[in-house]
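Engineer: Letter by letter, the chains look like this.
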Amino acid sequence: MPDIFTTKKNNLPETPKDTEKGLAPVLSQETPVQKSEKKTNSNNSIGFFTTFLKNPAGISFSQQDADEKIVLFLRRDFGTNSPWIAATVFLIIIPPILRFIFSATGISLPFLPTNFVRLFIVFYYFVVAGFAFSNYLTWFFTLGLVTTKRAVDIDFVNVSSIKYSAADLPDIIDAKYSQNGFSQSFFDYGDVAIAIQTPQEKLLFEQAPRPSEVVNIIDDLIGPKK
Amino acid sequence: MFDLITNPSLFRIDPIFKIGFLILLGVYIIFAFMLTNKVRSFKRIITLSTGSGVLFVQTFSYIFLILLLFLFIFVLVIV
Numbered sequence: 005m006p007d008i009f010t011t012k013k014n015n016l017p018e019t020p021k022d023t024e025k026g027l028a029p030v031l032s033q034e035t036p037v038q039k040s041e042k043k044t045n046s047n048n049s050i051g052f053f054t055t056f057l058k059n060p061a062g063i064s065f066s067q068q069d070a071d072e073k074i075v076l077f078l079r080r081d082f083g084t085n086s087p088w089i090a091a092t093v094f095l096i097i098i099p100p101i102l103r104f105i106f107s108a109t110g111i112s113l114p115f116l117p118t119n120f121v122r123l124f125i126v127f128y129y130f131v132v133a134g135f136a137f138s139n140y141l142t143w144f145f146t147l148g149l150v151t152t153k154r155a156v157d158i159d160f161v162n163v164s165s166i167k168y169s170a171a172d173l174p175d176i177i178d179a180k181y182s183q184n185g186f187s188q189s190f191f192d193y194g195d196v197a198i199a200i201q202t203p204q205e206k207l208l209f210e211q212a213p214r215p216s217e218v219v220n221i222i223d224d225l226i227g228p229k230k
Numbered sequence: 002m003f004d005l006i007t008n009p010s011l012f013r014i015d016p017i018f019k020i021g022f023l024i025l026l027g028v029y030i031i032f033a034f035m036l037t038n039k040v041r042s043f044k045r046i047i048t049l050s051t052g053s054g055v056l057f058v059q060t061f062s063y064i065f066l067i068l069l070l071f072l073f074i075f076v077l078v079i080v
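Taken in order, these protein sequences are the chains called X and D.
Read left to right, the first sequence gives residues 5 to 230 (the working numbering).
Read left to right, the second sequence gives residues 2 to 80 (the working numbering).
Incorrect hints may appear among the rest.
Claimed, not checked - A few chain D residues that face chain X, going by a derived Cβ cut-off under 7 Å, partial list only: (1) Ile14; (2) Ile17; (3) Phe18; (4) Ile31; (5) Phe43; (6) Ile47; (7) Leu49.
Stated by the list, open to error - Label pairs and their computed distance ranges (CB to CB): (8) Asp223/X with Lys44/D: 25 to 35 Å; (9) Ile46/D with Thr109/X: 20 to 30 Å; (10) Lys44/D with Val131/X: 35 to 45 Å; (11) Asp223/X with Ile64/D: 11 to 21 Å; (12) Asp195/X with Phe34/D: 53 to 63 Å; (13) Asn38/D with Tyr128/X: 23 to 33 Å; (14) Ala108/X with Asn38/D: 37 to 47 Å; (15) Val78/D with Gly185/X: 49 to 59 Å; (16) Gly21/D with Tyr129/X: 40 to 50 Å; (17) Gly27/D with Ser169/X: 45 to 55 Å; (18) Glu217/X with Gly21/D: 49 to 59 Å; (19) Phe94/X with Ile64/D: 17 to 27 Å; (20) Arg41/D with Asp224/X: 31 to 41 Å; (21) Pro117/X with Ile46/D: 27 to 37 Å.
Keep in mind that the hints were calculated from the coordinates and are not lab data.
Predicted model only: the values in this text are computed from it and were never measured.
Here a beta-carbon is modelled for each residue, glycine too, at the ideal position from N, C-alpha and C.
All chains, please: the whole structure from these sequences, using the hints.
Structural biologist: Set out below in structure tokens:
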């Protein structure tokens with residue numbers, strides 16, 4: 005029976021002989037550190053509704069350097085989506101409500117052919133789906149990233165424009181946050197403003213969750229204030 | 002659907018309504034196309050893993066566009 009706990013001489017790599025004896029599977033098992041890293045990575049993968057994630061896995065951006073690591077991933081707090089979600093629900097229930105009102109009161113729209121109304125309702129629900137989807141996209145693609153080298157702000161403003169801004173960490177002077185109003189204080193989200201050396205320029209992570217933590221992370225990365 | 006095969010005239014509407022509807026649909030198809038393009042252009046800036054929902058977003062944008070095109074053809078040919 006092979007002694008697998010004996011230290012190998014001179015740390016020599018595995019020989020085919022060892023493999024034949026069935027040692028390879030034992031030695032190729034992950035160490036606790038590797039297991040822990042793997043677990044961290046699987047826990048840090050970005051999901052459908054992720055808004056705040058430290059050391060995210062499975063994300064990269066076009067200008068990322070090989071030795072650059074993403075430290076923080078941010079989206080707007082999910083609570084900020086409530087207005088358009090409520091509007092979508094309201095828009096969905098409007099046609100049945102109107103139909104009920106028209107049938108209850110006996111009102112009809114004789115100038116609109118029935119077939120047209122049918123088609124229009126189909127189109128209407130397409131519009132509602134488009135409205136919800138474009139709002140979801142705006143939230144989904146409006147990202148803030150803090151890496152070991154820079155802070156990146158990507159704003160998906162509307163269907164026709166994307167705004168990409170980045171500032172290198174040495175250029176960052178200061179990071180501040182503000183929470184205004186009841187909902188921001190209650191749900192713990194706010195605007196994080198990153199001042200950079202270029203006058204009148206700043207990066208803004210709007211309605212970011214846990215803004216104090218974001219500022220702390222950025223402060224730690226930029227080091228003592230100049 | 003059965004009505005559509007046996008008696009397509011059930012879906013006919015006045016030409017004025019039809020033209021108006023086609024214009025509306027056309028404008029909306031442009032919007033859907035812009036949305037799809039936006040998703041594609043975003044993928045060039047940021048690469049997200051599959052589980053992040055990016056696949057869903059992209060698939061939904063294509064399905065949305067295809068369904069709208071289907072509706073446009075339906076109105077153009079059948080209605």
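Engineer: Each hint: holds or not?
Structural biologist: Consistency of the hints with the structure:
Checking Ile14/D against chain X by beta carbon gives a least distance of about 5 Å; that is within 7 Å, so the hint holds. Interface restraint check for Ile17/D: the shortest CB-CB distance to chain X comes to about 10 Å, outside 7 Å, so the restraint is violated. Taken as an interface hint, Phe18/D checks out: its beta carbon lies about 5 Å from the nearest beta carbon of chain X, inside 7 Å. With 7 Å as the threshold, the beta carbon of Ile31/D stays out of range of chain X, its nearest partner Cβ sitting at about 10 Å, so the hint is violated.
Annotation: Phe43/D was flagged as interfacial toward chain X, and the flag holds, the nearest CB pair being 5 Å apart, inside 7 Å. For Ile47/D, the interface hint holds, the least distance from its beta-carbon to any beta-carbon of chain X being 5 Å, beneath 7 Å. A least Cβ separation of about 5 Å between Leu49/D and chain X falls short of the 7 Å threshold, and the interface hint therefore holds. Asp223/X and Lys44/D have their C-beta atoms about 32 Å apart, which keeps the hinted 25 to 35 Å range intact.
For Ile46/D and Thr109/X, the Cβ-Cβ distance of about 53 Å falls outside the hinted range of 20 to 30 Å, so the restraint is violated. For Lys44/D and Val131/X, the Cβ-Cβ distance of about 26 Å falls outside the hinted range of 35 to 45 Å, so the restraint is violated. In this structure the hint that Asp223/X and Ile64/D lie 11 to 21 Å apart at CB is violated, the actual value being about 44 Å. Taken as a hint, the range 53 to 63 Å is violated for the pair Asp195/X and Phe34/D, whose Cβ atoms sit roughly 33 Å apart.
For Asn38/D and Tyr128/X, the Cβ-Cβ distance of about 24 Å falls inside the hinted range of 23 to 33 Å, so the restraint holds. Between Ala108/X and Asn38/D the Cβ separation comes to about 45 Å, which falls inside the hinted range of 37 to 47 Å. Taking the beta carbon of each, Val78/D and Gly185/X are about 53 Å apart, inside 49 to 59 Å as hinted. Taking the beta carbon of each, Gly21/D and Tyr129/X are about 18 Å apart, not inside 40 to 50 Å as hinted.
The hint said 45 to 55 Å for the Cβ distance between Gly27/D and Ser169/X, and at roughly 35 Å that hint is violated. Between Glu217/X and Gly21/D the beta carbon distance is about 53 Å. The supplied range of 49 to 59 Å therefore holds. Checked against the hint of 17 to 27 Å, the pair Phe94/X and Ile64/D passes, with Cβ atoms roughly 24 Å apart. Between Arg41/D and Asp224/X the CB atoms are about 36 Å apart, so this pair conforms to the stated range of 31 to 41 Å.
A C-beta distance of roughly 47 Å is found between Pro117/X and Ile46/D, which places it outside the suggested range of 27 to 37 Å.
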